[in-house]
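Order-wise, the sequence lines are chains A and B.
Terminal number for the first sequence in this note's numbering: 1084, no gaps in between.
Terminal number for the second sequence in this note's numbering: 324, no gaps in between.
Watch out, some of these pointers could steer you wrong.
What the hints assert, rightly or not - Selected chain A positions facing chain B (Cβ under 7 Å, derived; list incomplete):
| hint | residue |
| --- | --- |
| 1 | 497 |
| 2 | 500 |
| 3 | 503 |
| 4 | 504 |
| 5 | 506 |
| 6 | 935 |
| 7 | 936 |
| 8 | 938 |
| 9 | 942 |
| 10 | 943 |
| 11 | 966 |
| 12 | 969 |
| 13 | 970 |
| 14 | 974 |
| 15 | 975 |
| 16 | 978 |
Bear in mind the hints are in silico, worked out from the structure with no lab data behind them.
Each residue gets a CB set at the ideal place from its N, CA and C atoms; glycine is no exception.
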Amino acid sequence: MEIDDHKLDLVDLYQRYNTDPKRGLSYSEAQKAFNRDGPNALSSSKTKPEWIKFCRHMFGYFEFLLWIGAILCFITHGFEVVTYHEDASSDNLWLGIALIVIVIVTGSFSYFQDAKCSRIVDSFKSMVPPQALIIRDGELTNIRTEELVVGDIVTIKFGDRVPADIRILESHGFKVDNSFLTGESEPQSRSPEFTNDNVLETKNLAFFSTFATDGFPATVTICLTLTAKRLAKKNCLVKNLEAVETLGSTSIICADKIGTLTQNRMTVAHMWFDNQIVEADTSEYQQNATYNGTIPGWLALTRCAILCNRADFKQDPENLAQPVLQRQCYGDESEAALLKCVELSIGNVINFREINRKVCEIPFNSTNKYQVSIHEVYTDNNSEVDSRPYLLVMKGAPEHILERCSSIYIDGTDVEINDYWRNAFNQAYMKLGSLGERVLGFCDLRLSSDDHPKGYQFNEEQVNFPLDNLRFLGLMSMIDPLRVAVPEAIAKCRSAGIKVIMVTGDHPITAKPISRAAGIISQDTETVEDIAERAGVSLEEVNPRDAKACVIHGNDLKAMSPAEIDALLENHPEIVFARTSPQQKITVVEGCKRQGAIVAMIGDGVNDLPAMKKADIGIAMGITGSDMNREVADMVLLDDNFASIVTGVEQGRLIFDNLKKSIAYMLTSNIPKMTPFLMYFLMGIPLALGTSTILFIDLLTIISAISLVYEEAETDIMKKPPRNPKHDRLVNKRLILMTHGPIGFIQAAAGLFTYFSIMAENGFLPSRLFGLRKSWESKYVNDLQDSYNREWTYEQRKQLEFTCQSAFFIAIVICQWAVLIICKTRRNSILEQGMKNRILNGVLIFEIILVAIVSYMPCLGTALNIYPVKFRWWLPALFSAFLILIYDEVRKHLIRQHPGGWLERQTYF
Amino acid sequence: MGGRVSSFMNALYNPKRKQFLGRDGAGWTKLGVFYFFFYLGLAGFFCAMLAVFMALSPRDRPRYYLEESRMATRSNPLSPGLGFRPQPEADKNLIIIDKNARPNEPNVYAKSLDQYLQIFYWKEDKVEKAESDDEDDDPRERPVPTRKFIINKPGDCTNATQYGFAKGKPCVLVKMNKIVGFKPKPGAPDGEKKSYISICKTNSTAASAVYVHCYGEYPADEDNIGNITYISENGRDTKCGALETSWFPYEGKINREDKYQAPYIWVQFNSPSPNILINVVCRVYGQNIDFDKKTGRAITRFQIYVKDLPQQATSRLNGDI
């Protein structure tokens, strides 16, 4: 298909698509185009048909083995039929059928689980739909990217995903990441100019970015999905399932400040007027006011804040119906804060602005560092209006504002500024700055009608009005308040052994008070500066080792060698990195990783992106975070609630613990399963456990092991340090020793005791059994003598053998019952943990019922060679199960009594 | 690669910290002591429990016998199998008769039969006098004289003629399995009475014995099996051998000793076809003896092979080898 959209003149382009750069498409046209072209999405790659997915579960590696086993069974049976005709035994036939049933049951189970999992995962994806900001019918609106149509005018800002293939009409420093299209790893700059015939090369096109998403591996483990689902309920969206586990072992969390720890919602905190600092009242009904609302100094300050302010509430009724503090605003953050503050205290801001009409304005820019506007004054006093018809209001960086002032408004009178007032100003400015607040200065001037009569043409270009010798009014300081749950969450991370590091682009002076408030630097620890200030000595005299906390400036970080960074991270448990560039954020993350830590990076801005990618797990804010952040993150906090991270860590640890428990449980049946074979081969004792019974044990083991995944967390889960990924593996020496050692052998003992007893009761005393294998297994020996010289035919002694095997099987199942209960906890007593895991309880009951059915139901037993067992032969196993419970409770009790003791080091897995 | 090997070796033995598999000597010792005592305790407990169980077990007959024992299940009624001798190896049921062997040459089958008879039938009664003056003795403890089973006219089936093996007319010992408490009833199961009468030419219920009949398993075997003589306790017959029911039931050991001698018959194959494998099935008939070929109830199976190659052929064959 030939594309010439990039070659056309813009006017022709507008015509072609019936659109307008200012007004965009009309809704009706957009609807028409949507109906014609369909949604703006890539036609999704062909999804595999369900039956193929089903087959994949039916013929996986393990399933394949079982199929082969079943086929071999049938072939053997076929040969037997050919050889012995009607005499052929049907054992192999039944075994084959049993195998197939098992494959089909487990295959369907995993298929349905997988289908469920992928449904959940899909639902996750739709939870953060990419959106685009477009102009339609002259209005800016947010729509989902699928609803974009050809001709829509799209606005894109830093960090946004390009929502469609677009022609650029206007741009400033626009760069796009085209790496997935062209392989260029550097961002490519884009601008309205047509530079190349090739659509990929020309600068005036940008393309729909689809990050190549592989999707999740076919076998999504159930437990990861379960946890992800659990987390999603708490508004913590897991995009990458492995992230759950990573979060659990996280030992360092690097958090960006703005928008992550703080609300990214500026609020006026303090004001300085009449030479006093007062706390601003931002409560809804102004019940906290600490100042008189009729003081002229305050009124003048607020008038300036109202007029010299471009922020406005979004004018839809829904927004206006909300409490002031939650309303959405157009305009700059600080101005919105001022707007909200004055709306709360004075009210009717919009009306006031309308009365005092703006006639001229110089907006804020970084060279001026001020903002000026001139208003027609409306008062009841006509003579005053006539004499001084205009008011000039200015706000900006306090020191710059003060420079332009010659007088200061104190207690209702204008006082000339002298050193005393400059000093007072400086103290107030420093004080507010040290609280980490953003300070603005305000001043005004009533223009006299002599120079500026009514109807005077103000011109912002020529500045035909005075900007000096103004009247200073006061200061207002704003703060981005901490998110409510942050201090608590950070304290929880602390107690869970996780170090929280602040990495912010903010100034150290702003960062430090916030980090103190958040608890990143705790109340009783000091930085080098604090010590110096307290002791009244210079910075050089303080031993840096005395300071547990430190605030590092980005420039200092740049000068540090990796070794110095390592030392820094090692020696200071509480660190704040301020004024860091994106590159330096990476340096911090790398430094943490060098320490062997698992690092989580939480951020909301594009400047956090590289560090998020570098970290073991990147976490994005769902509301304040940019599209790119959400795209790159492994996890998204949908409600921006920092406390969700604590839940995430807990769930991650829980999953690891539970997997460990599952594995421990599964391993315990190895020894009792192996012992009969060892005794068969080494001591010639007739086989105490058959293949079909082993198959049954494995089946039950798998089901039970899965139920452990639903186990609740132990009480110490958030009180222990994060696991060391190098030493504390999922399966470690202690786990293997523990499961194969005591527990395994108690089970084996129970099974063997039952086996020997049944053999003895039926005439084969243990002494007779040793070395009996050859005769026992010989079909030609039809008269095998037992200890009482009774003689057994082959079939008769096989019946006995199968009975013994059934009893051994039942013994293991009963012991595994106890093992399942002890595996519920690793440290706590089971009495403390309780039996609240309903699925596990269900499994316990199911197991017993299944065993009873298999053992006592006539036809089934014959088919699987499982024979009924007298109830008394359940008793040794019941006793052993009891023994296992006691043994493990005692072990756990001793571990709790002697933390870090020998038993813990050797047996705590 | 070298790094991997060295790191593996390091994991195996770390000379710096004197650790073998991640534990130093003291660590291993402590762990060893812990597990030693744990397993010692477990094994001790296991053995003690087993010993207690054994001590409580009956001495002369198993706790479960007849239908109570696992010999019988829901689908398989209690019914004795048959046994045959000689069976020098447990995993074979083939009896080879070498017609060309010299008569005094040792024969494994004859030796096996010798041993069998020696163990179970040449028992000496304990001399009662030795302990008779001890009056306090529990009468049950006193030795009971054994009722000896003897075949009156064994014919060829003696040690002297290597049980017929030297003559190429092998005698095979066939007996019924000993089952504590089981007494066979003469006759045949319902539905088989007619064929039983035609086979054994004996009227069922009147007789005092259960009868054993041997035949070729497949038609070809029937052709090759030739004449059979059944040598029973009280006579010879060409149709069936008799096991007198007066020998039954087996009541278990007496004072832990097996005093019981089970009846048996000799089945002598007078003219088995040479150089061909013959599958033989022997079956016992009794009213309460259930027959099932597949599960081996009431039967025993063995194979006989008579080697009768001309001398020359043998030597030529040997030469080839």
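Now for the hints, and whether the structure bears them out:
1. Below 7 Å, beta-carbon pairs count as interface contacts, and residue 497(A) has none with chain B, the closest being about 62 Å; its hint is therefore violated.
2. A hinted interface residue such as residue 500(A) counts as satisfied when its beta carbon comes closer than 7 Å to some beta carbon of chain B; here the least separation is about 59 Å, so the hint is violated.
3. Here the hint on residue 503(A) is broken, as its CB sits about 59 Å from the closest CB of chain B, past 7 Å.
4. With its C-beta approaching chain B no nearer than about 61 Å, residue 504(A) sits outside the 7 Å limit, and its interface hint is violated.
5. A distance limit of 7 Å between C-beta atoms decides the matter here; for residue 506(A) the minimum to chain B is near 61 Å, and the interface restraint is violated.
6. Annotation: residue 935(A) was flagged as interfacial toward chain B, and the flag holds, the nearest CB pair being 6 Å apart, inside 7 Å.
7. About 4 Å separates the beta-carbon of residue 936(A) from the nearest beta-carbon of chain B, less than 7 Å, and the hint is met.
8. For residue 938(A), the interface hint holds, the least distance from its beta-carbon to any beta-carbon of chain B being 4 Å, beneath 7 Å.
9. Because the smallest distance between the Cβ of residue 942(A) and any Cβ of chain B comes to about 9 Å, over 7 Å, the interface hint for this residue is violated.
10. Annotation: residue 943(A) was flagged as interfacial toward chain B, and the flag is violated, the nearest CB pair being 11 Å apart, outside 7 Å.
11. Interface restraint check: residue 966(A) against chain B, minimum CB-CB distance 4 Å, threshold 7 Å, status holds.
12. Look at residue 969(A): its Cβ gets to within about 6 Å of chain B, closer than 7 Å, so that hint holds up.
13. Annotation: residue 970(A) was flagged as interfacial toward chain B, and the flag holds, the nearest CB pair being 4 Å apart, inside 7 Å.
14. Given hint, residue 974(A) at the interface with chain B, holds; its Cβ is 5 Å from that chain's nearest Cβ, closer than 7 Å.
15. Among the interface hints, the one on residue 975(A) holds; its C-beta lies about 4 Å from the nearest C-beta in chain B, closer than the 7 Å criterion.
16. At its closest, the beta carbon of residue 978(A) sits 5 Å from a beta carbon of chain B; the interface hint therefore holds under the 7 Å criterion.
In this structure, the hints that do not hold are numbers 1, 2, 3, 4, 5, 9, 10, in rising order.
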